[in-house]
Amino acid sequence: KQEVTQIPAALSVPEGENLVLNCSFTDSAIYNLQWFRQDPGKGLTSLLLNQSSQREQTSGRLNASLDKSSGRSTLYIAASQPGDSATYLCAVIGPGTGNQFYFGTGTSLTVIP
Amino acid sequence: SQTIHQWPATLVQPVGSPLSLECTVEGTSNPNLYWYRQAAGRGLQLLFYSVGIGQISSEVPQNLSASRPQDRQFILSSKKLLLSDSGFYLCAWSTGQDYGYTFGSGTRLTVV
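Taken in order, these protein sequences are the chains called A and B.
Sequential numbering from 1 applies to the first sequence in my numbering.
Sequential numbering from 1001 applies to the second sequence in my numbering.
Hints are not guaranteed to be accurate.
When the alpha-carbon atoms are kept at most 20 angstroms apart in a straight line, the in silico EDC-like pairs for lysine to aspartate or glutamate are as follows [what the hints assert, rightly or not]:
id, chain 1, residue 1, chain 2, residue 2
1, A, Lys42, B, Asp1085
2, A, Lys1, B, Glu1059
3, A, Lys42, A, Asp84
These aren't lab readings, by the way, just hints derived from the structure by calculation.
All chains, full assembly: derive it from the sequences and hints.
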């Protein structure tokens, strides 16, 4: 069964720092990986989607890399801002997840002004 | 553009009462629809998904059921709520695995 792990569970950084959030998965036979942001009490907002052979996706200050063979993805946030404070979740989809997106438990990020 | 609506935003229900949560999608046809639950301090758990009208797949046996009476409408129900049904319920849609998921704003359910 696919397992998705996000480490660390919580992270606190000063404003302006570049930071990396990690996502690892046990079954490398995935189709795609999607990163989401969740603000407290809110739904999930899609950030980036890495499709099959796309090793990197970029949107503004965010960059998501995917290494399927090693079962890892990283979300890079440049020049962090207090508004980046949220929980970040990764999700993978593939045969090992019944062809549905399967989520990690998230990293709670706090950016200190 | 596509939008997803989910209501109500919050709900407090007594144990043993029925439940009906609704999710509708606009701007797309024949979407795949999903119900997830997020319990406090835990990850998202897929409850049900549907690839078409009347087609429901259940991922976790429990006190809940789902229905899809129309192409863009997905309903989560219970006949008798349990305390353990409390949580944050999220609806999502997709047009296929290559296009990712889009989530609604969620319903916070508290069973008292």
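**Message:** Hint check: lysine 42/A vs aspartate 84/A, CA-CA at most 20 angstroms. Holds or violated?
**Reply:** holds, 14 angstroms
**Message:** Holds or violated: lysine 1/A and glutamate 1059/B, Cα atoms, limit 20 angstroms.
**Reply:** holds, 14 angstroms
**Item:** Given pair status - aspartate 1085/B, lysine 42/A, alpha carbons within 20 angstroms
**Value:** Holds - the C-alpha atoms of aspartate 1085/B and lysine 42/A are around 18 angstroms apart, at most 20 angstroms.
In this structure, every one of the numbered hints holds.
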